[in-house]
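The primary structure of each chain is shown beneath.
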Amino acid sequence: MRGNIRQSGTPVLRGIAFFLREKKWLIFAILIGTVFYLAPTPEGLSREGHLVLVISVVAVVLFVTEPIPLPAVAFMIIVSQVLLLGRNSSDVAQSLMSDSVLFIIGSLMLAVAVVKQKLDKRLAYMIVRVSGTKTRNIAVGIAVVSGLLASVIGEHTVAAMMLPVALTLITLTSDDPKKVRNLAAVLLFSIAYGSSIAGIGTPSGGARNAIMVGYWKEFFYDPNDPNTAKFLVDYVKWVIVSYPVFLAQLPFVIIILFSTFKPEYKHLTRAVVKLRSQIEIEGPMQPSHFLTIGLFFITLLGWIFFSGTIGLGMIALMGGTAFMIFGLVRWEDLNSGVNWGVVWLYAAAISLGIEMKDTGAAMWLADSFLKVLPEFMETGTPLLAAISILTTLVTNTMSNGAAVAVLGPITLNLAHSTGASELVVGFVTAISSAFAYLTVIGTPACTIVYASGYLKTTDFLKVGYKMVIMSTIILLIFAALYWPMIGL
Amino acid sequence: MSREKQFQILVCIDGSESSYSGLRYAVRMGADHTADLTLLFVRPLDQGLGSGGLQMDIARENMLNWGHELPGMRALKRGRDMLVEMGFMEDSWKEQVVHTDVRGDKLGDNSIIYTNEDGAKITLEMMVSPSVERGILDEIEIGEYDITIIGMCSEEEMGTGKIKPSTTMAVVSQSPTPVLVARELEQEHGHFMCVDFSDKAIDAAVKDAKIAARCHCPVYLYSVAENEEELPIAQGIIAKAKAAIEDSGLQVAGDSVEIGHPVEKILEQGRKYSLIVMADTSVKGLRRFFQTSVAYEVLERAENSVMIVR
Chain G
1 MRGNIRQSGT
11 PVLRGIAFFL
21 REKKWLIFAI
31 LIGTVFYLAP
41 TPEGLSREGH
51 LVLVISVVAV
61 VLFVTEPIPL
71 PAVAFMIIVS
81 QVLLLGRNSS
91 DVAQSLMSDS
101 VLFIIGSLML
111 AVAVVKQKLD
121 KRLAYMIVRV
131 SGTKTRNIAV
141 GIAVVSGLLA
151 SVIGEHTVAA
161 MMLPVALTLI
171 TLTSDDPKKV
181 RNLAAVLLFS
191 IAYGSSIAGI
201 GTPSGGARNA
211 IMVGYWKEFF
221 YDPNDPNTAK
231 FLVDYVKWVI
241 VSYPVFLAQL
251 PFVIIILFST
261 FKPEYKHLTR
271 AVVKLRSQIE
281 IEGPMQPSHF
291 LTIGLFFITL
301 LGWIFFSGTI
311 GLGMIALMGG
321 TAFMIFGLVR
331 WEDLNSGVNW
341 GVVWLYAAAI
351 SLGIEMKDTG
361 AAMWLADSFL
371 KVLPEFMETG
381 TPLLAAISIL
391 TTLVTNTMSN
401 GAAVAVLGPI
411 TLNLAHSTGA
421 SELVVGFVTA
431 ISSAFAYLTV
441 IGTPACTIVY
451 ASGYLKTTDF
461 LKVGYKMVIM
471 STIILLIFAA
481 LYWPMIGL
Chain R
1 MSREKQFQIL
11 VCIDGSESSY
21 SGLRYAVRMG
31 ADHTADLTLL
41 FVRPLDQGLG
51 SGGLQMDIAR
61 ENMLNWGHEL
71 PGMRALKRGR
81 DMLVEMGFME
91 DSWKEQVVHT
101 DVRGDKLGDN
111 SIIYTNEDGA
121 KITLEMMVSP
131 SVERGILDEI
141 EIGEYDITII
151 GMCSEEEMGT
161 GKIKPSTTMA
171 VVSQSPTPVL
181 VARELEQEHG
191 HFMCVDFSDK
201 AIDAAVKDAK
211 IAARCHCPVY
221 LYSVAENEEE
231 LPIAQGIIAK
241 AKAAIEDSGL
251 QVAGDSVEIG
261 HPVEKILEQG
271 RKYSLIVMAD
281 TSVKGLRRFF
291 QTSVAYEVLE
301 RAENSVMIVR
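The listed protein sequences correspond, in order, to chains G and R.
Residue numbers 1 to 488, in the numbering used here, belong to the letters of the first sequence in order.
Residue numbers 1 to 310, in the numbering used here, belong to the letters of the second sequence in order.
It is worth saying that the hints were derived from the structure and are not from the lab.
Some hints could be false.
Distance windows between CB atoms, simulated [to be verified]: (1) G/Val79 x R/Ser131: 21 to 27 Å; (2) R/Met82 x G/Leu301: 54 to 60 Å; (3) R/Asp203 x G/Val79: 50 to 56 Å.
Note that CB positions come from ideal geometry on N, CA and C, so glycine has one too.
Bound conformation, chain G alone (with noise of 0.2 Å):
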């Protein structure tokens, strides 16, 4: 037989061979980077605004194939702002710093502190209790429950909370995963589903509502100018404009669910008296968990009232604050259960919105993307399907933090450039990036259900795209019925 080569042996080669395999995307993201900076700028994009798409082109290959640890990715777009683009390196320094990147660290601190507290088995002693035994009442339970709470803090922590508590209920079920595969797949979608459409509801719900809402005060808010004030968007305004959206989409989550994976049992029982015995035990409630309810409320309230005026990121910085004075977390827990990179990660990428916003590169891609786009869409509701579509491919692909991050400028100088209202662009943008139903890696509520080990990747396929459909219809609905209503 022929075709068999000897190995080529010196370990030289071999480390070079090693090094180009586990770094291939590198090396492609280097190329095409290099590709893109020796190409003649395009017309109508200045040489400043050419390097920055040179650095975002190279940093979303680098985001989507992950070939370097993320965090040196944050590194390479702070430094490559210096090198290639010139910038006083105090000043980069300052655009990583705002109140969105604050909201991220405090939210990312009350995550953890709220975790910590075990105050998932009074919820899901509070979800037995009210839904009975039937599995479709549990699974809207955990739905509702994971809704409500994702709805005003991060659905990473209502995941982490709710994951043991329908890991219980399916264990309780049977040991064996291959008779419980339908029931397991219904209530950890409830738990992801649930949490990523509520993710929009308000602005303490994810960071990309507090990027969004940083771009739209950073970009078109003129402190001398009173008509611009509409761009200051609070928690209330937020609110009335989203939450009805994620209520909407609430019982169609359900619907789809139980229509694509028919749970194997119709009662869960067994199960759930097993579970409220094993609740009970527990005791009642301490001291700590109603501290830690009475504070959480409170950083809401101060979300409410005084998100306006000190900002989101302040008052996310304050709570996780005072669960630390009161004792109630350590800085330990919070420095290990925290991935700062990820801090880092969403700053470089503000930083780099804003760049491409400054230099013209953000306005240039979105003139580029009208080009692309047949005549009718280029105006009111087909042409905020086009921004929704658009947001859920990238979504789908990235953390949605990120991806409004870097599709944030890019829309909102689309709505500039078509007339369209930033505002409503903004919001579309930033309730679509939730979209990211069809990857495991779209939303962290799905990649933590997923490690449960009960999920197949298919399984997002699966059930995604009819989410993905179901939401972009509702969320039209709304931009072209019920905002306009509310004088958006």
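Use these hints to put chain R onto chain G, whose structure you have.
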């Protein structure tokens, strides 16, 4: 009590049926405790972006607090239960739990080592690594295994912890020792040892015959000539391989030579056997970017299990 170095088998468990069929084959290879078994599940380190910046450890700890097991531990315990059912292991074996701290991951590496009074050893190991591929290759290097078995799970089975086909291919191409890629491995149909015209193929045939002897599997030698002129060379190499195996005190159950395209012929004939076995005389290093080899093409396209022998 000192023991001679046992035959070491590494079975990569990912919860798929293929990985458990590989485990059954490992039991057959190590019958009468003539081999130590390690069942390995590799959990990749989290980057944190997927979970929105909240470390996955927080969710995992919460699961553990409720008394749930991590998916990897469930998969490994199912493997252990199978070993007990097959009579390869008994509940009376001594159990030792070993934990190793891993920087960047609170749960770290965890192993349960079971030993019987004769010193036979079975290890369940849940390892954390930057990637599944890196973890398996590191374990192969550290554990000095004689053979590694990996299940090739189907697309439909893909889920948490399942080993991706690309990972399997990467391990096969970089492992210094033989790797058996199990696809619903049936045990009764013998080894289909494909011998090419290289010197390495003779050594590989002997090595395979020794592995096959462990599980009392018949070995069939096979070679393909691309044309009439190559036929005598193919016949010669088969005779050489057969003699080398018999010199080692082992038997060959049959042999044959055909004319045709090597990959197509091997795939066509090989599907009747438990395993297609091929020597790793493949292209390596930079050349793999430009050329492929018969062994790797067979590995990618075969519907049954394939072993690459080094």
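Status of the hints after comparison with the structure:
1. The hint said 21 to 27 Å for the Cβ distance between G/Val79 and R/Ser131, and at roughly 26 Å that hint holds.
2. In this structure, R/Met82 and G/Leu301 meet the distance hint of 54 to 60 Å, their C-beta atoms being roughly 56 Å apart.
3. For R/Asp203 and G/Val79, the Cβ-Cβ distance of about 51 Å falls inside the hinted range of 50 to 56 Å, so the restraint holds.
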